[in-house]
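Chemist: As given, the protein sequences belong to chains D and L, one line each in that order.
Here my numbering is used: the first residue of the first sequence is 1, the next is one more, and so on.
Here my numbering is used: the first residue of the second sequence is 1001, the next is one more, and so on.
Everything labelled a hint here was simulated from the structure, so no lab data went into it.
For every residue, glycine included, the Cβ atom is placed at its ideal position computed from N, Cα and C.
Incorrect hints may appear among the rest.
[What the hints assert, rightly or not] Derived DSS-like pairs (lysine-lysine); straight-line CA-CA distance at most 27 Å:
| no. | chain 1 | residue 1 | chain 2 | residue 2 |
| --- | --- | --- | --- | --- |
| 1 | L | K1004 | L | K1021 |
| 2 | L | K1004 | D | K449 |
| 3 | L | K1021 | D | K236 |
[To be verified] Cβ-to-Cβ under 10 Å is the rule here; a few derived chain L residues that face chain D:
| no. | residue |
| --- | --- |
| 4 | C1040 |
| 5 | V1043 |
| 6 | A1044 |
| 7 | Y1047 |
| 8 | G1066 |
| 9 | L1214 |
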Amino acid sequence: MSSHGERSPEAELGLLDATMIGMGAMIGAGIFVLTGLAAKTAGPAALLVFVLNGVVTTFTGLSYAELASAIPKSGGGYAFVNEVFGDLVSFLMGWMLWFAYMIAGALYALGFAPNFVELVHVYFSGTVPPPEQVAAVTITGLALGSVVLLVLLNAVSTAASGSAETIFTATKVLILVVFVYFGATAAEFSTAEFQPLFPGDHTPVDILPAMGLTFIAFEGYDLITTVTEEVENPRKNIPRAIFISLAATVLVYLAVVGVAIGTLGATELGEAGETGIAAAAGNFMPTFPVVGGGEAVIVFGAVFSTLTALNAVVIASSRVAFSMGRDGRLLPSFGHIHHRFGTPAVAIVASAVVMVGSVAFVPIRQVGNLSSLFFLLSFVVVNASVIRLRRQRPNLNRPFEMPLYPVAPVAGIGLNMILGLFIDLTTWLMGLGWLLLGVVTFYGLRRFKRGTEGDADTGPTENVTTPAGDAPEGQ
Amino acid sequence: MSRKINAVVAGAGRVGFEAVKRLRGYGHDVTVVEPDQQRCDAVADEYVATVICGDASDPDVLEQAGIENADVVGALTGDSGVNLAVCVLAREFDEEIRTVARIDANSQERYGEFVDEVVFPERAGGRAATNEMLAGGVETLEDVTGDLDITMVRVEEGAPAANRALSDVRFPAGTLVISNDDGQRIAGPDTTLEPGRRYIVAVEPGVADEVVNLLRG
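Throw the hints in and build the complete structure from the sequences for me.
Modeler: This is the structure in structure tokens:
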């Protein structure tokens, strides 16, 4: 009997689950893919890069906590801004955040591919060459394959989302703990040299572009706020989850980057690029039974992390597009649940198209920068929302009121903008192109809606679903 | 056009709070205005609506609730004078807004001339109590259900499930389509969900928004 429901409804998430969702998005690809790239830009100061990014992002974290506790809506930064600002700003916020997640997906897919080749190479070194010798087309093809696979999975089933995240994240953290343990006790680490922090041609100013590049590694708390409605006791647990996941993430980053630089040295780490952590592991990890070389464990961690992070952003990007569809800010079909699969299939597939395009045509550094730029810009808007909301709605009930107002949001805006300025011109131009496309879409949709408004008005208003308890009064 | 409704509810007492939870259950946006700090915290704990702490009949407070962009206002405080004031005030902010006021006596039906709809919760409660005391026999359907909602849903043109046979649509668990169009027969797998027709659907509160999405877009 198909008139009976078959799919199981969404599960309730506890504080641990919510924290893990945030950490899962942050400790994924960020650490495995970007550590090497950060070391290339900033040298040994890569360590400082991650700490300072943690500090900068804490200000925005405070804003998120205040907004999430006061505005009970899933949908992340977009939902909050939608509450505070007018049509165009809200639309562009959603448009930016949607893009930031899609492009992050491209980054994770591009990080997944070489690590996957490396993993296969570790076991079948006879038949499969190391990633450096594999044709770029193969890497891109693998990245595209991973996107298509996860999109299909999420489009036809809701099972891949939510509750599995806790196990995924715990696995990732465990692998990193193993890495840090063996690294810190290795012979190489005892002679580690972090001084000088800025050797040769590296200067303290190099920290800033590296911060911009790796900023994406701290975007996870937006993801927590996309699922707020499924969290139990959200007004207490959401702010907590934001702060715990941030603090834990910074600690993990510090330990991992410290070990990587300490054992391998910043120069070699930089040369290894997106497989940097695995290269460091190859230096000191012992051999385990069954799995073989310790390096394989770390490479597996990288493959697993990038894949789960990709899964998380496929879900996140489609949720933003779905919310925008529900609010009438994108075509209504974006806000529809598929009649058979129970998923926002249109939103997922649309997100996938952009992801696939980015994977195919944009190089990995550019992808990282572009995603960071859009997170930075949207975080500026979120901080501004807090200030505007405090002024416009003094009576709003705020279960979590941030300390240090207005210093914190102002600092958040200022610091995010400074980091944005150090992102290269090409990235900015691509970003402005996407924003321009957004403005065109916004006015195009508005015109389209005006055209169809006439038909919509013919439906009488009482056709909104009538619950049984609300039968007409006069009888 | 989005079917999501932007509602402002004045008063988070027993009636107001219940209305907020139901509106939210259908996936609509709700802002609550409530003067009592303890009630405000109670609503915040449920995490169902944005809460403005203040007196809804104060124009400044009502403006903070976003009345200008709201589709409907429900003035559901225990004081019908305040409710009338809120509705009249809401009209000042937005002529198009739909206004619903709670009244506290039958004699106040004349309020209906100034608002779109009046609600008299005591009558609904009294009816339910009467049904119970008469123990069976004739009971109105809405009073026998617990958490379950028996809803009449009109399928919208262009909705995800429109024009599809029931066997092709996967509803979330906690859903049962009971009648075919216009309620003459029990629905079967080959029943087609035709746009413009009404279907009786039993839903558990947790999945009501998904069901509404499928049937109405």
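Chemist: Would you mind marking each hint as holding or not holding in the structure?
Modeler: We went through each hint and held it up to the structure:
no.: 1; hint: K1004(L) - K1021(L); in the structure: 15 Å, holds
no.: 2; hint: K1004(L) - K449(D); in the structure: 15 Å, holds
no.: 3; hint: K1021(L) - K236(D); in the structure: 20 Å, holds
no.: 4; hint: C1040; in the structure: 5 Å, holds
no.: 5; hint: V1043; in the structure: 8 Å, holds
no.: 6; hint: A1044; in the structure: 5 Å, holds
no.: 7; hint: Y1047; in the structure: 4 Å, holds
no.: 8; hint: G1066; in the structure: 8 Å, holds
no.: 9; hint: L1214; in the structure: 6 Å, holds
Checked against the numbered hints above, the structure violates none of them.
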